[in-house]
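If you read the protein sequences in the order shown, they are chains U and L.
Numbering-wise (numbering that gives the first Met the number 0), the first sequence opens with residue 0 and increments by one.
Numbering-wise (numbering that gives the first Met the number 0), the second sequence opens with residue 0 and increments by one.
Hints are computed from structural coordinates only; laboratory data are not their basis.
A couple of the hints might just be wrong.
In silico contact screen, one side only, chain L against chain U (beta carbon under 10 Å); selected entries [as the list claims (entries may be wrong)]: (1) N138; (2) P211; (3) P342; (4) G393; (5) F396; (6) S398; (7) Q405; (8) K407; (9) A408; (10) I421; (11) L429; (12) D445; (13) T446; (14) G511; (15) Y596; (16) S603.
The calculated lysine to aspartate or glutamate pairs, modelled on EDC-like cross-linking and capped at a C-alpha distance of 16 Å, are [claimed, not checked]: (17) K227/U <-> D153/U; (18) K601/L <-> E84/U; (19) K195/U <-> E374/L; (20) K195/U <-> E123/L; (21) K604/L <-> D86/U; (22) K342/U <-> E292/U.
Bear in mind the structure is a predicted one, so any value in this text is a computation, not a measurement.
We put the beta carbon where it would ideally sit given N, CA and C, even for glycine.
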Amino acid sequence: MLNWRIENNMKHFTIVSVLIILLTIIVYIFLQSVGLLPIQASSQAIIIDQLFDIHIGIIAFLFSLIIVFIGYSLIVFRRNKQFPEEDGKHVTGSSKLEIVWTLVPLGVVIFISYLGALSLAETRKVEPQALSINVTGGQWYWSFTYPDYGITSDVLYLPVDRQVKLSLTSADVIHSFWVPEFRVKQDVLPGENFVKELRFTPIEKGDYMVLCAELCGGAHAYMNSPVKVVTEVDFQDWVDEELGNFPQDPLSLGERLSKNNGCFGCHSIDGSDGVGPTWKSIYGSEKSLVSGEKIIVDEEYLYDSIINPNRQIVLGYPANVMSQNYIDLFTEEEINNMIEFIKSLE
Amino acid sequence: MKNIFSLGIVKGIFFQLIGSFLGAGILGVIRALMGLSWKTEPAIVLGGLVGAIAFIGGVGGFKDWWKMAIGHEVAEANQIVGEKGMRRYFGFSLDHKVIGIQYGILSMVLLVLGGSLALIFRVELAQSGLQILNFVQFNTLVGLHGMVLIASILMGIAAMSNYVVPLLIGAEDMAFPRLNAFSFWIAVPASLILMSSMVFGGFETGWTAYPPLSVRGPMGIQMFFLGVYIVGWSSILGALNLIATVLTMRTKGMSLFKMPIFAWSVLATSIISLTATQLIGLSFQLVMFERLLNMSFFTPSDGGNPILFQHLFWFYSHPAVYIFVLPGLGIISELLPVFVRKPLFGYKWVAMSSMGIALTGFLVWGHHMFTAGIEEYLRVPFMYSTLLVAVPTGVKFFSWVATIWQGKARFPVPMLFVLGGIVVFLLGGLTGPPSGTVSTDLHLHDTYYIVGHFHNTMFGGFIFPIFAAIYYWYPKITGRRLSETLGKIHFYLMTPSFFIMTFGQMRIGLLGMRRRIADYDPAMGFDFTQLLITIGGFLIAFSILIFFYNLIVSAKKGELATGNVWNSRSPEWAILPSPAPIHNYAGIHFNVVGEPYDYGLKGSKYVELEKRDQYKERDL
Numbered sequence: 000m001l002n003w004r005i006e007n008n009m010k011h012f013t014i015v016s017v018l019i020i021l022l023t024i025i026v027y028i029f030l031q032s033v034g035l036l037p038i039q040a041s042s043q044a045i046i047i048d049q050l051f052d053i054h055i056g057i058i059a060f061l062f063s064l065i066i067v068f069i070g071y072s073l074i075v076f077r078r079n080k081q082f083p084e085e086d087g088k089h090v091t092g093s094s095k096l097e098i099v100w101t102l103v104p105l106g107v108v109i110f111i112s113y114l115g116a117l118s119l120a121e122t123r124k125v126e127p128q129a130l131s132i133n134v135t136g137g138q139w140y141w142s143f144t145y146p147d148y149g150i151t152s153d154v155l156y157l158p159v160d161r162q163v164k165l166s167l168t169s170a171d172v173i174h175s176f177w178v179p180e181f182r183v184k185q186d187v188l189p190g191e192n193f194v195k196e197l198r199f200t201p202i203e204k205g206d207y208m209v210l211c212a213e214l215c216g217g218a219h220a221y222m223n224s225p226v227k228v229v230t231e232v233d234f235q236d237w238v239d240e241e242l243g244n245f246p247q248d249p250l251s252l253g254e255r256l257s258k259n260n261g262c263f264g265c266h267s268i269d270g271s272d273g274v275g276p277t278w279k280s281i282y283g284s285e286k287s288l289v290s291g292e293k294i295i296v297d298e299e300y301l302y303d304s305i306i307n308p309n310r311q312i313v314l315g316y317p318a319n320v321m322s323q324n325y326i327d328l329f330t331e332e333e334i335n336n337m338i339e340f341i342k343s344l345e
Numbered sequence: 000m001k002n003i004f005s006l007g008i009v010k011g012i013f014f015q016l017i018g019s020f021l022g023a024g025i026l027g028v029i030r031a032l033m034g035l036s037w038k039t040e041p042a043i044v045l046g047g048l049v050g051a052i053a054f055i056g057g058v059g060g061f062k063d064w065w066k067m068a069i070g071h072e073v074a075e076a077n078q079i080v081g082e083k084g085m086r087r088y089f090g091f092s093l094d095h096k097v098i099g100i101q102y103g104i105l106s107m108v109l110l111v112l113g114g115s116l117a118l119i120f121r122v123e124l125a126q127s128g129l130q131i132l133n134f135v136q137f138n139t140l141v142g143l144h145g146m147v148l149i150a151s152i153l154m155g156i157a158a159m160s161n162y163v164v165p166l167l168i169g170a171e172d173m174a175f176p177r178l179n180a181f182s183f184w185i186a187v188p189a190s191l192i193l194m195s196s197m198v199f200g201g202f203e204t205g206w207t208a209y210p211p212l213s214v215r216g217p218m219g220i221q222m223f224f225l226g227v228y229i230v231g232w233s234s235i236l237g238a239l240n241l242i243a244t245v246l247t248m249r250t251k252g253m254s255l256f257k258m259p260i261f262a263w264s265v266l267a268t269s270i271i272s273l274t275a276t277q278l279i280g281l282s283f284q285l286v287m288f289e290r291l292l293n294m295s296f297f298t299p300s301d302g303g304n305p306i307l308f309q310h311l312f313w314f315y316s317h318p319a320v321y322i323f324v325l326p327g328l329g330i331i332s333e334l335l336p337v338f339v340r341k342p343l344f345g346y347k348w349v350a351m352s353s354m355g356i357a358l359t360g361f362l363v364w365g366h367h368m369f370t371a372g373i374e375e376y377l378r379v380p381f382m383y384s385t386l387l388v389a390v391p392t393g394v395k396f397f398s399w400v401a402t403i404w405q406g407k408a409r410f411p412v413p414m415l416f417v418l419g420g421i422v423v424f425l426l427g428g429l430t431g432p433p434s435g436t437v438s439t440d441l442h443l444h445d446t447y448y449i450v451g452h453f454h455n456t457m458f459g460g461f462i463f464p465i466f467a468a469i470y471y472w473y474p475k476i477t478g479r480r481l482s483e484t485l486g487k488i489h490f491y492l493m494t495p496s497f498f499i500m501t502f503g504q505m506r507i508g509l510l511g512m513r514r515r516i517a518d519y520d521p522a523m524g525f526d527f528t529q530l531l532i533t534i535g536g537f538l539i540a541f542s543i544l545i546f547f548y549n550l551i552v553s554a555k556k557g558e559l560a561t562g563n564v565w566n567s568r569s570p571e572w573a574i575l576p577s578p579a580p581i582h583n584y585a586g587i588h589f590n591v592v593g594e595p596y597d598y599g600l601k602g603s604k605y606v607e608l609e610k611r612d613q614y615k616e617r618d619l
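This is chain L alone, in the form it adopts within the complex:
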């Protein structure tokens, strides 16, 4: 028992519970002293906030900072060895690889949760009529499905960035290890708070939480707002850390244009996270205040403006789409050359296209509001800027095609997911312009066509690439390879199921199926397609179960990974053993002597150990 309680996460959750009750209690006492009666809504908000901070206290996140504040010495991160074995993943660790895995576990847990929520409402939608859910339950599930998976994606890209970036650029750790651990751990109580919205009556607004609807209705929305708000801290601080790491911690000789391309996409993503996340936090905070303190920002009858919220919300939430997909596209650019044995075509252009997407991404939020009643003069400029995103995205696609062209392609599981990602993201990209031109969007907005479109971009830009990344770097993490057979079953089951799902969604959307409705008119003839979509969804879930089975079994029984598993040029494969040692390259000296992707150039190398290290025996 004592053993379990010594796990950081258990302690953290225990502290969070106590903190939540304490926070709620304090508010009750203050109100009582003021002669006011008990009110649940402000109590749970304060309770949630105090609980989240208490969690960090419980997990041990403030210990070192407190020591520093009172003038004590603390150990440098690269001096700490930390715990061994599985336990280290459940407590406060400063090791970027441990934190990367922790992010990955959280991402997968949220993926399962968010996906399961979808499966429940997909059962409801499999036929017309209301069968298993009532309206509030349906709306809550739809909204949480969206936001839980957004959190899962944010955690997933943090997992990839945290684990891979320092390895790729030859750093021993991230720039700010303590901040890094804090960014991860604050996301855990945030996820719990987000999920708790179901307990407090749910919410009816979908993940977009438009007021005035979000100002009325069940108070579960407050936990939704608070959870997202705190996940936002995680995102902002994580991005800050990654930018500092990429800019300052590169190994000797690695200029910006000699970084592995994934580092560029992480840099671009982090710039967006660092500068845009505040806006969703702000917009949600204003609605919280509107509910708690009766301030009116968005309710017209009290002088507010409901469209203002949408501007603030989408100013983050559109660039957020690029936060979600840029790392995934970076994974595609990173792995493609390894598996076609050719240089990445137009490295600098691909790197700059990430920056281009990040920049143009800030100029297009209005396309979510073409039907919202924004000022007339805004719609056409937003249409121009929206379609402009196609240009840097096109550069990526054409460069991938040119990379593949005449490449000696081989097809292990990571490559399958890379190719799947390219095709699915292509569909996501091509279905975009019809909703980018105003007049066609008047038909498409808020329909299942949009649902299909963005599931394509999310699967192509995140789900497929993160699976590729996991299959690719798993040997670096565990020292063993994932089963190729199970991986192929996973891929060949998930991909067609996804197409059934997404084509079904777009089909009925074009014909008049609205988003977020619990029931539809059987006269519209959507029953059969809806059933197919549900079946597709369940098959995807089943394929992911196979993936988890593979993850767990291969950790113990997988084929041992020795040497450079994928014959890659990048330093984590060319220099480090598997699994990667603690503090990565500590004690190793290597130089960047060539270009990262010069496959096919005889005798060229990207990185080379310094002479004095070449004689050292390392268990490569």
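One chain only, chain U, in its complex shape:
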């Protein structure tokens, strides 16, 4: 009798083990084949995805382990209709088993943490010839400054296969720098003591988007800027063009300045509605203000609204959205250039 029971138990455990192995393989292959992650466009993505692979394997195994045991037992040992009141076997526990399934997982999680630490260290390897870029996030724009070249841009141009070192800071609230194809993410904090560093090496040419991943109010969803990973030669061409080969007339300078400082994040130039009034045909138009008075938008009003945005707010738009420090940021000539640009938008 005892022999028969042990044999019978062996039979169940054998079937369950085979099912667990089968299900593990099926789940693993399924998860690997559905394309869980975006393409790997940085060397960090490759390292991080290796750790994802390990996780997927563990998930497939543990999922199968628990599901097969429960499912098999519920189907095979469920209540027999002929003995509806029958109880299960009186087994209250096994300290041996409990110790095993405490210590084995403990070892596994320590090992995975160790792999995680290695993976993190690998993603943070410093290359001395890294390209420095200062990134500023604000409501709701990104601005990229290349201190080596004296360029400021609203598009993140990156040469392929060269590490970049981003120094990130925010003009107002917390934002977060994330390009899904690069995998890495870093919050962007306001305050000069909280400049954060993020390094990665793009390895795949193409167009990507940097997305703000930390809720920053209002137009958070639209706080995206293009990222262009190009060859070293194309990057150099772009730098040359930025450095001199652009028109120097006030109107064009004003347009560049507005674009690179994120003005278009709130003020559209095609007439569509935004967080702030559109610039299209704004010059010379009549606007009602929050205070109730009506004004004609002229040069004086535009100038004052840039350096002192809270004083005369157009009806229907919120206060305290625009930075108050443009007077320190721009020269008078630069502001006049921007006004020239706004005037041109008819």
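Dock chain L against chain U, hints included.
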């Protein structure tokens, strides 16, 4: 009319309204005397606070304490019979079973509110582009959805603990009945204040309320802070009461390791609530002060540190996750043996695993901040401690599996929800480690993957178990059973809908969908999955409507519950009639004579009436 006004809750809300205007008015007068102009923001904060206290006055919560303070006699709670019928649920009662139901009703009301908020923004997200909401509305809905449901969960676990724990441990009531009633009633004005944030301009920060964003922007955030702050009182005082009850009110012979396992999980949860809730209150209070009094704690331009807030916030809000799930996991451990007719495998290990989760839960908050810019040397230690939580959680899973193994399983509705809870929580657990290791979390943080992950833990750890608990103990509450057919429809509709929703969320999250965005780029190709998620959400809502219909109809028309409905060993089924009488075991003497879960051991009993009571006729 007079009849309606005599209901405690109506009186309370009326008093709250008056109190709010009074509070706001007082501030206006003080400012006027100081020669300052009217300012709405501080006025609504003071108004809200005074209103909440006035509510308690209105509902009658201070009456007995006042009498005690001036030296009058007050009746002992176990001497009070209280009102009969439905009315008792709408007024101040000291009966733990009434308070448990009151918590349950509030939890369900908040569940409906919080769920409906989600349905509104799910419609917005069903396709790319902005259709029905503007940014402020979207952000407000997302933030309130989170916090209203957190409140709903806190109320739900309080409902289960309050109703069930004294019954399980053989107590007549909770240790401090008046404090118990206060803990419940203070949550009502708190919920109203929380919801009123929508009226005062909403807020844009999500439920996490990170400064500096929460320091700027609409003043609805103040009502959000104040509401949460007061819900926190409810949570802390409720936990204190439960700890005292479990430790001191157990029946004769019930040592700690002979308690029903649910009592252990409630004990573990309450220890966390009692010691961690202060931190979210504190962090929110500091932001309130920053806004009201221009003190700078978190704004860097004035010398503050925004990361400090996140440390304070997550020091509560991570352990809070275990506050939410431990009672649910306790329900699973409690019901599983009844329905597989086998002892709970490794009782002591399961009990200690709750304590283990509670303890390790305090060491892991930093994993919410891997990308936040915390000190470099903190990330790896937090990764180790985070993954450590898997060990006690694993003990629970393996013990459940061993309990089920070779059990004679039967599948009434509560068992279905128990099994659903195990599977869903398993998915929640397994999707955790990828966000626990730092480098993979750099990709996952603040994406829909996280949204999917924590909806798994919340559904598996709370929603499924509380439904199991309601289906299981409903006969003890009403004397009638819920409809099995409707219950099965509820289960078989909700479970697949939930999987559609959560797998959809994790799928697009991995591919680059960020959390809390009102709109997404159609070029990312998420439109179809987003539509599926929305449909899943609506189906879940529909299944819960069926559940409510069942709750209401079965109270009158359900099959009468007689005797030991589930053939359980625990005292509330083995000894008490259904519905449970007032003051539970008053006048009954019973002893603990065996182990709580010795199913399958012939002739064994957990509890036994004393000889002198066995001859008494009771309508079992």
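Hint-by-hint comparison with the structure:
1. N138: holds, 7 Å
2. P211: holds, 5 Å
3. P342: Since the shortest Cβ distance to chain U is 5 Å, the answer is holds.
4. G393: Status holds, d = 5 Å.
5. F396: Because about 6 Å separates F396/L from the closest Cβ in chain U, which is inside the 10 Å limit, the hint holds.
6. S398: holds, 8 Å
7. Q405: holds, 5 Å
8. K407: holds, 5 Å
9. A408: Hint on A408/L: holds, closest Cβ of chain U at ~5 Å, below 10 Å.
10. I421: holds, 7 Å
11. L429: Check passed: Cβ of L429/L comes within 5 Å of chain U, closer than 10 Å.
12. D445: Because about 4 Å separates D445/L from the closest Cβ in chain U, which is inside the 10 Å limit, the hint holds.
13. T446: This hint holds: T446/L lies near chain U, its Cβ roughly 7 Å from the closest one there, short of 10 Å.
14. G511: Hint on G511/L: holds, closest Cβ of chain U at ~4 Å, below 10 Å.
15. Y596: Constraint on Y596/L satisfied, holds at 8 Å.
16. S603: Hint holds; S603/L Cβ to chain U Cβ min 9 Å, cut 10 Å.
17. K227/U <-> D153/U: holds, 11 Å
18. K601/L <-> E84/U: holds, 12 Å
19. K195/U <-> E374/L: Cα-Cα ~10 Å, so holds.
20. K195/U <-> E123/L: violated, 34 Å
21. K604/L <-> D86/U: Between K604/L and D86/U the Cα gap is close to 14 Å, so the pair holds against 16 Å.
22. K342/U <-> E292/U: Cα-Cα ~22 Å, so violated.
Consistency with the previously given hints fails for numbers 20, 22, ordered from lowest to highest.
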